[in-house]
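**Student:** Residue-level listing of the chains:
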Amino acid sequence: MTTQTKQRRKQALLHRTGSYGKGLLFMLPWLIGFCAFVVIPIGWSIFMSFNKVKIVPGGFKYEWLGLQNFRDAFLKDNNFPVDLITYFQEMLLMVPIIVIFALMISLMLNQRFPGRFIYRALFFLPVIFATGQVLSELFVQGAGEVPFIQQYNLETIVDQYVGPELAKTVMNVLEKVILILWYSGVQILIFIAGFQTISPTIYEAVRIDGASPWDSFWKITLPASIPFISLNVLYTIIDLFTFPQNPILKYIKENMIKVDTGYGYASAMAWIYFGFIFILIAVVLWLFERTMRTRRGRS
Amino acid sequence: MNPATILEKVKVQILGLLWNRKSQKVKMIVLGRNLSDGLLAKLIIYALLSIVAYLYLQPLLYMVSTMLKNSVDLNDPTVKWIPRVVTWENMTKALKGMQYPEAIKNTALIALACSAFQVIICAMTGYALARLNVPFKGLITGLVILTFLIPPQVIIIPLYVIYSKLHLLNTIYVFLIPAVFGQGLKAGLFILIFRQFFRAQPISLEEAAKLDGASTARLFFGIMLPLARSACLVVFLFSFIWYWNMYYEPSVFLAKGFTPLSIRLDNLENVLNPSLLGNTHFITDPVTEATKMAAAFMIILPPIVVFMFLQRWFVTGIERTGIVE
Numbered sequence: 000m001t002t003q004t005k006q007r008r009k010q011a012l013l014h015r016t017g018s019y020g021k022g023l024l025f026m027l028p029w030l031i032g033f034c035a036f037v038v039i040p041i042g043w044s045i046f047m048s049f050n051k052v053k054i055v056p057g058g059f060k061y062e063w064l065g066l067q068n069f070r071d072a073f074l075k076d077n078n079f080p081v082d083l084i085t086y087f088q089e090m091l092l093m094v095p096i097i098v099i100f101a102l103m104i105s106l107m108l109n110q111r112f113p114g115r116f117i118y119r120a121l122f123f124l125p126v127i128f129a130t131g132q133v134l135s136e137l138f139v140q141g142a143g144e145v146p147f148i149q150q151y152n153l154e155t156i157v158d159q160y161v162g163p164e165l166a167k168t169v170m171n172v173l174e175k176v177i178l179i180l181w182y183s184g185v186q187i188l189i190f191i192a193g194f195q196t197i198s199p200t201i202y203e204a205v206r207i208d209g210a211s212p213w214d215s216f217w218k219i220t221l222p223a224s225i226p227f228i229s230l231n232v233l234y235t236i237i238d239l240f241t242f243p244q245n246p247i248l249k250y251i252k253e254n255m256i257k258v259d260t261g262y263g264y265a266s267a268m269a270w271i272y273f274g275f276i277f278i279l280i281a282v283v284l285w286l287f288e289r290t291m292r293t294r295r296g297r298s
Numbered sequence: 000m001n002p003a004t005i006l007e008k009v010k011v012q013i014l015g016l017l018w019n020r021k022s023q024k025v026k027m028i029v030l031g032r033n034l035s036d037g038l039l040a041k042l043i044i045y046a047l048l049s050i051v052a053y054l055y056l057q058p059l060l061y062m063v064s065t066m067l068k069n070s071v072d073l074n075d076p077t078v079k080w081i082p083r084v085v086t087w088e089n090m091t092k093a094l095k096g097m098q099y100p101e102a103i104k105n106t107a108l109i110a111l112a113c114s115a116f117q118v119i120i121c122a123m124t125g126y127a128l129a130r131l132n133v134p135f136k137g138l139i140t141g142l143v144i145l146t147f148l149i150p151p152q153v154i155i156i157p158l159y160v161i162y163s164k165l166h167l168l169n170t171i172y173v174f175l176i177p178a179v180f181g182q183g184l185k186a187g188l189f190i191l192i193f194r195q196f197f198r199a200q201p202i203s204l205e206e207a208a209k210l211d212g213a214s215t216a217r218l219f220f221g222i223m224l225p226l227a228r229s230a231c232l233v234v235f236l237f238s239f240i241w242y243w244n245m246y247y248e249p250s251v252f253l254a255k256g257f258t259p260l261s262i263r264l265d266n267l268e269n270v271l272n273p274s275l276l277g278n279t280h281f282i283t284d285p286v287t288e289a290t291k292m293a294a295a296f297m298i299i300l301p302p303i304v305v306f307m308f309l310q311r312w313f314v315t316g317i318e319r320t321g322i323v324e
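Note that the protein sequences, when read in sequence, are chains A and B.
Read in order, the letters of the first sequence are residues 0 to 298 in numbering that gives the first Met the number 0.
Read in order, the letters of the second sequence are residues 0 to 324 in numbering that gives the first Met the number 0.
With the rest of the complex left out, here is chain B (with noise of 0.2 Å):
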């Protein structure tokens, strides 16, 4: 045999390793051990939710667009997403109309001291329901669930009833009351977190407090709570977001004086035209719909910026808590 040709195959024969290892290593970084290893995946995970998340956040861009633009532009149908010239005309409009200072006053203070209740309160009700001995207890839990089931619409009038004859119309007592009894805004959800997290711990621990000695009250509020710092984390921001946004309920019951942020932005158009007042059919003209959005990111801004520091501890937090359990 001609050495030239046995050359030429080991040279064949060496490449062809050669690239085929290259292809192997090409392969595996591509497409990955793995579903989501790969580069490949990697990428479409990135495009799609990139995607998805441009659709998701669309209505949010739309809201700080039309927020920055002045009257021009907002009549003019060319200027679609970035306004010519930024103004904050809109944004000063809203501080005005909505009496902002006032307004995030009363909507902080019953966001935050009606969650600091649910949060004590549902806790109690929840551990109960998971760990002590309750009468009926099979029974209870259904009405827990019960009574988040039933929409606020259908029990509205009585208690507007209620809460009138009690004279608590229009002051914070109309949230903090039921808050404090256990009957806030979607406690049931809340109690129910709170009997999955306690029935999910050892039951060792309670143990080991009662042979030493502690009674139920020290062995909940010296472990057990501080032990669900995490759920405790899940239900009050949940609770605070839902109280900052709540609107049917204020809309009943806060009518005048002490209004929460939502009702105010209800209230903006009369503010802004009060010619217009009562006239329904009236045709949302641009400029106060700038201002209505201006308001509307001024609402969600606070909270929003809370999520954003919270944001990491929230999201462990629903892992840990075995709410899904």
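Bound-form chain A, shown alone (with noise of 0.2 Å):
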């Protein structure tokens, strides 16, 4: 090897270090504080899941319980099981209500119309206030059931046709639709936007060729939107996720403070929560991957 070569190996290294470094730099911030504040506390959050966390003056005292906590979530909590599934329940319909709804008023939305602007902002007020405390406190006080279920004496409907056991879900979301809906004002904007994307040089030529709008929506709108749905249900999970009704959280909290179960066993409960989730996540993920790629193989 000539030291020429030598020469320009190094510093092509040192061209490629150098790079690295302006990039790890940019990222420094954000490594350091991913180090300090996630990694330090997921790592001890799992560790205190396998034991039996108790405070004691000056610190916690660990007592090594394997998988123990997990165990007992399962089979002796009687509430956490059934909460879980309840939650998932809820959320399994409010998710295709909140992305349906989106998608709807998004599609109207985008039509040309004098005052647009005002209806836009209209729909999107409530991401300012749908997060937090005063949600909480307009829940507690029942403001946010539709009028027409106890007008048209909805319960006894939707107990004949979903039968009693789902009745009870169905009807604790109803109860609190709209606030559900309040939840749709990111995706009413990622929606809109989405529909930018689309070039309107394909509806002009799908007109000249003699299709409906209504064709139109089913066979252009509607397949061009996929990636924005799936963004959609998804940032609709994580939301959701962090609902401040949601009762699995609640109990998780109530759990942290109590003396006989501990932070331990809360923190079990909270990853046993996180890899439900996740795992959902995962499915949808995998379901639109499907969806996409068999569209593509199509065309």
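Please note: incorrect hints may appear among the correct ones.
Examples of chain B residues lying across from chain A (beta carbon under 10 Å, computed) [claimed, not checked]: (1) 62; (2) 91; (3) 111; (4) 181; (5) 232.
To be clear, the hints were calculated from the coordinates, so they are not data collected in a lab.
All residues carry an ideal CB built from backbone N, CA and C; glycine is no exception.
Given two chains presented individually in distinct reference frames, assemble the corresponding complex, making use of the accompanying hints.
**Tutor:** Laid out in structure tokens, this is it:
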């Protein structure tokens, strides 16, 4: 090897590390923060979930339990599995409601008509206060109910059609349906922004070919918005995950301060919950990935 | 043939044509060339949107109407939406109960300072992930998404212990330090937004700047960050709103003294009725409910005002950032 190539290689290496260095420098704050505020707490929390944690003056006392906490959550605890299943049922109902509602509203808001800026602002408004304490306050007061639930005695109808087991879930969702719909502000924005990426010339072309607006919605708008639908489904799941009225999080928080269960058990439950959500997200991602692939394969 | 019948025929024909044209025109106006052009479609859209908007905003209207009722109207079930006498009593009570000026100062300080840092740090991280050479880029991007997915409840106690060891509890640093290190509220989402934005920009701009001898830092702060104005605005506003409304984290970290509005709304019950302290099974009485509604209204008022001014840029900003691509 000549010295020249050696030198060149050295220079290339230097250049590469230099450019890595710049990238790392830009990432540095995040990397430090990630280690300090994510890795350490997560590791700690996982460690605690395998222990019985007792608070003693000056810190914690750990008692190794292995998987006992996780086993207890399913076998000993009477509330946790029930809450988990109920909330997942509710969630499976709420996610389609939110996404379909957002899709319909954004389709309407995407039309050109005078005053649409006002309407757009109106539908975005809940994003401002749909997080946090104000929402909980409204929930407590039952302000989220739709007036016609009681007027038309919807409860018996729901009972008849879906059976008494699911009726409770459906009614639970219906009772707070407006506040659930408040969670669609961001989704509407994503849809509207997504519609802008579909080129108007396609619509023109199919109109000339004689397609009705109905056809062009099913054949163009909907297939083109599948990525945005998947994005919105994911966003909604993540958003509902930390929903203020979420019974599981409330239960976990209660157990944190209880003496006989403590933080170890609470973090075990939190990790189980996280695991379930993670599976749900993975399933959604896989489904959308598959539809996208078949679509691409066909075209 | 009789000239009269011919005239009659011609008349009918002309009338028919006229009618036809008119009908065409009417049809055009009512139905339109596209689905959305016609008058009918517009009316339907207006009607639907208005109904949904009414249902949507009903809780808000309920809040405002309850807030303005006096104690007589509150206990009278016949008074539903419009109070007989408009009273500001609930408002003044809420102002006093929350110590509004101090609380709003705290909340605004947290929201503004943390959001400003979030914008800069998330933009830097997003830019590095979009354009710079970073080892294990795919893995790091996955970790960024992970930070967005992990619920705060899972890691809150370890964080509490860390902050208390560092003597940071009940100060603004509990939120400011994570924000400076890119771990603020929903920072993962913001990093992804910036990453998407920078990836959508043409690379020729950076190449030109590099040829002119600009350093990476100069390139980023001088060209790319100003270019990302719309993304910055979107991130700043979202971050501001979420910091403004956050409840869970301050309820753990900021228990006393330096508390934001959301915590004080939660404590309002105890402040107003100290005799009922700790009595959780007590039925909410409508008068304190009205005060709470007034308090809730005053919490969301400042962000609504901010949003009204920035709404236009905000919505177009979201469309332009290419978050969705």
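**Student:** Does each hint fit the structure? Answer for all of them.
**Tutor:** Here is how each hint holds up against the structure:
Interface restraint check: residue 62 of chain B against chain A, minimum CB-CB distance 7 Å, threshold 10 Å, status holds. Hint status for residue 91 of chain B relative to chain A: violated, with the closest Cβ pair at about 19 Å, above 10 Å. About 16 Å separates the beta-carbon of residue 111 of chain B from the nearest beta-carbon of chain A, more than 10 Å, and the hint is not met. The interface hint given for residue 181 of chain B is met, as the beta carbon of that residue sits about 4 Å from the closest beta carbon of chain A, less than 10 Å.
The interface hint given for residue 232 of chain B is violated, since its Cβ lies 13 Å from the closest Cβ of chain A, which is over the 10 Å cut-off.
When each numbered hint is compared with the structure, violations occur for hints 2, 3 and 5.
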